[in-house]
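Sequence lines, in order, name chains S and H. Heads up: take any position in the first sequence, counting from 1, add 13, and you land on this note's numbering. Heads up: take any position in the second sequence, counting from 1, add 266, and you land on this note's numbering.
By construction, these hints were calculated from the structure, which means they are not laboratory data. In this text the structure is predicted, and so the values were computed from the model without any measurement. Careful, some of the hints might be misleading.
Claimed, not checked - The following label-pair restraints were derived from C-beta to C-beta distances:
(1) H:Lys684 x S:Gly134: 36 to 44 Å
(2) H:Glu848 x S:Arg130: 22 to 30 Å
(3) H:Glu586 x S:Lys127: 45 to 53 Å
(4) S:Arg130 x H:Lys702: 42 to 50 Å
(5) H:Pro743 x S:Arg130: 44 to 52 Å
Stated by the list, open to error - To be clear about the criterion: a stretch of chain S counts as covered by chain H if any three or more of its residues have a C-beta under 8 Å from a C-beta of chain H, and this derived list gives those stretches:
(6) 98 to 105
(7) 151 to 158
The C-beta atom is built at its ideal place from N, Cα and C for all residues, glycine as well.
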Amino acid sequence: MAAAGGGGAAAGRAYSFKVVLLGEGCVGKTSLVLRYCENKFNDKHITTLQVITTSLVSSLNIGDSGEQLMILDTAGQERFHALGPIYYRDSNGAILVYDITDEDSFQKVKNWVKELRKMLGNEICLCIVGNKIDLEKERHVSTQEAESYAESVGAKHYHTSAKQNKGIEELFLDLCKRMIETAQVDERAKGNGSSPPGTARRGVQIIDDEPQVQSGGGGCCSSG
Amino acid sequence: MVVVTGRELDSRRPDGAMSSSDAEDDFLEPATPTATQAGHALPLMPQERRTEFPAFRGPASLGASAGCVQRGPVLCHWTPPGTAGEHAAAEGREGAPGVSGTHALLQRPFGADCGDRPAACSTAEGPICEAVVCYRRKMSLKSERRGIHVDQSELLCKKGCGYYGNPAWQGFCSKCWREEYHKARQKQIQEDWELAERILHLERGFVFFFSTQSTYIVGDYIYIYICLGAPCFSHLYKLQREEEEAFASSQSNQGAQSLTFSKFEEKKTNEKTRKVTTVKKFFSASSRVGSKKAEIQEAKAPSPSINRQTSIETDRVSKEFIEFLKTFHKTGQEIYKQTKLFLEGMHYKRDLSIEEQSECTQDFYQNVAERMQTRGKAVPYHRPGLGLNLTALVPMASAVTTVLEGTKPGGISVPPEKVEKIMDQIEKYIMTRLYKYVFCPETTDDEKKDLAIQKRIRALHWVTPQMLCVPVNEEIPEVSDMVVKAITDIIEMDSKRVPRDKLACITKCSKHIFNAIKITKNEPASADDFLPTLIYIVLKGNPPRLQSNIQYITRFCNPSRLMTGEDGYYFTNLCCAVAFIEKLDAQSLNLSQEDFDRYMSGQTSPRKQESESWSPDACLGVKQMYKNLDLLSQLNERQERIMSEAKKLEKDLIDWTDGIAKEVQDIVEKYPLEIKPPNQPLAAIDSENVENDKLPPPLQPQVYAG
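Using the sequences plus the hints, can you model the full thing?
Okay, here's the thing in structure tokens:
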């Protein structure tokens with residue numbers, strides 16, 4: 014997991030991305046990650062408790078190249094809104110979750126988009142996620158509206174259901190692909206001009222292709 | 267051969283002065299007799315004397331004095347370890363000339379063996395020796411003689427040779443002094459030499475490095491070899507080389523030998539006395555081997571007990587580091603070298619801002635990691651942030667290190683799965699050493715921030731879990747147990763020195779929090795629950811030097827650790843918690859502004875109202891106290907009510923009397939008591955019956971017959 018930024022990504026190397034989960038409280042951010050990670054981790058026989066802790070900060074391998082995602086779950090309560098910058102600092106991607114049955118949560122997503130674009134510019138890949146599609150009957154946010162909004166801000170829109178495990182896999186895979194593209198474009202740009210290593214180091218990290226990285230590994234080191 | 271003359275050293279002085287341009291020369295000043303002796307020695311000296319001692323002319327004497335520390339004052343350093351601090355301080359001062367002396371002597375080929383020694387002695391011998399003795403004497407005289415009230419007879423040589431004597435030479439003139447003390451000094455030198463030899467033997471036996479007194483012994487030991495000059499040094503230098511080679515070839519006793527070496531190295535970086543640092547800089551610029559020697563010099567600085575403890579821990583870490591690297595054979599050696607190079611580089615950067623130091627450290631992490639990932643491919647070696655600045659600062663240092671290293675560093679071949687582990691070990695090793703200088707440095711306002719957040723947390727002592735919506739029920743014994751553990755962990759963070767260990771504490775704390783939430787809620791915890799609980803824990807624990815720790819981790823932790831894995835996540839959350847506490851207001855606690863202000867000012871405590879809902883295991887006395895407080899406040903209230911009632915009653919009474927009085931008055935005014943003249947109308951009836959005529963005649967009784 015050693016960091017090595019700046020240089021070009023050779024074949025056999027994988028990226029490591031930081032993804033932040035934002036959205037109002039109770040829209041299902043944690044459930045999304047939990048669902049995603051639990052399926053990944055099931056065959057590893059990890060106890061429930063570990064799943065809980067690892068789910069909040071997941072290092073996952075996606076695809077064949079073994080990209081790593083560090084997913085940061087955040088507290089959605091309004092009172093913690095001001096802490097957002099600490100979480101999304103240096104993030105490569107953001108997943109903005111709203112509840113399709115809750116109009117307010119969609120407004121909140123709009124606020125987040127504005128803030129992220131203002132603070133991080135276009136470098137960050139945005140995903141707007143309408144969660145809880147199992148509650149289609151109680152839908153209060155129209156698909157049309159959400160998708161057109163997502164397009165207008167350069168984000169992708171997804172529909173998911175953490176309960177029924179719908180659309181989650183696609184969401185993460187797609188996001189990962191987009192982040193790789195962004196990173197590669199970034200690198201090419203850097204290859205041409207002189208790159209500021211300071212920002213690169215803390216931004217994209219190129220990591221060794223490790224077969225399996227999970228928080229358990231960090232746990233045993235950190236217990237000392 | 268060495269030619270130590272005042273002139274030669276004089277010419278060296280300017281470039282030395284250049285390197286120590288940061289005005290820390292306070293140490294060097296006393297070594298210059300012109301500056302220090304101006305008080306008494308110089309004015310007393312006859313003019314012709316001065317020509318006899320060129321050493322007294324300005325800066326030249328610095329080098330001169332340095333040259334002869336080798337013999338004069340040596341003995342006094344052989345006082346047993348643990349002598350008073352002031353003595354140690356004096357030693358520290360005299361150490362500086364010693365370095366210079368060594369440096370002068372080291373111009374000789376390293377191979378020169380001990381047999382050369384007498385020659386070295388004789389060359390350095392001469393009037394310049396006296397300069398140092400002067401300097402030594404001055405230290406003791408300073409307190410005794412302030413003014414220049416000296417008798418003429420006192421000025422002359424005690425031996426009566428007719429020349430002027432000098433208090434610095436105990437009243438002798440230079441010639442007599444030399445004769446007088448020549449023999450004694452020769453004897454001392456002999457003794458020193460023997461002692462040094464003995465110590466060297468000791469060193470080979472690794473005995474003294476394991477003694478608890480090692481700091482002192484090491485200090486003295488290093489001092490000896492500075493005092494005795496080149497022959498001894500070359501001897502040691504060879505030893506050092508041997509040790510390095512031993513490490514490389516993984517001999518059976520390699521661990522122990524490397525340990526001694528590393529200890530030796532560590533001493534160099536461990537001690538920090540401003541003065542010594544200055545000296546080190548001064549000489550490192552002016553001489554090829556100077557930097558190396560100057561660092562050795564540091565070991566001689568006084569070590570208070572706290573330093574000793576630190577060094578014990580440092581020793582342990584070095585030992586572990588070397589043990590760990592042994593498993594990598596050649597690669598391990600390479601890593602060890604790189605790490606040491608870096609530490610040396612950092613040593614010169616102590617005066618830089620903390621951000622720059624942080625940048626250097628981060629660059630180092632990145633570089634090492636990168637090189638390990640190239641898996642043995644030859645990579646043109648460059649040290650960004652280390653080489654450039656360092657060479658600019660001390661031009662010779664890199665040359666020295668290159669000479670010492672011998673080999674050209676290239677890519678490091680390491681199995682990829684080990685990279686992380688090695689990085690952890692490197693971090694542990696370097697940060698244990700740098701901790702002292704880079705944690706909460708004086709150049710930043712970290713300490714101020716620490717105090718601010720501590721005060722803030724104290725002011726917020728009244729915040730309850732309910733206000734923060736913390737999903738933790740402390741009435742459940744298991745949960746309160748977890749909470750206590752979490753608090754312990756977060757407080758423990760301050761005691762760790764390595765950023766990774768600090769992170770581990772945060773992670774442990776977070777795990778306990780998750781457990782607590784899980785037990786309370788009986789379902790998986792989410793970030794929605796976690797952050798408030800962490801805030802609550804921080805508020806309850808009030809961990810010491812919170813801001814400093816956060817800053818330290820941010821600056822010096824291996825960035826890959828902060829960017830990936832749960833440690834990074836929990837650390838981010840801790841930063842959030844601190845940010846939240848700093849900005850906390852009434853709204854974020856769902857309180858009204860008035861309540862918030864009242865709680866903040868300490869007028870009331872929300873706990874009082876909640877005393878009924880206290881957990882059963884809360885202290886009985888406290889409960890009783892709050893009950894009594896309640897009763898008291900009730901009593902107070904009643905009394906106040908009675909008082910006000912009484913006042914009201916009083917007022918009522920007064921009002922009533924007043925009212926009555928007023929009423930009476932009114933009535934009296936309204937109906938003034940007037941004695942009117944007796945009934946006039948009555949009289950009028952009788953007297954002047956004026957209108958009587960107009961009245962109808964009185965009715966006459968009429969009788970009706972009937």
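_Violated constraints from the hint list, given by number and in increasing order_ = Hint 7 alone not satisfied by this model.
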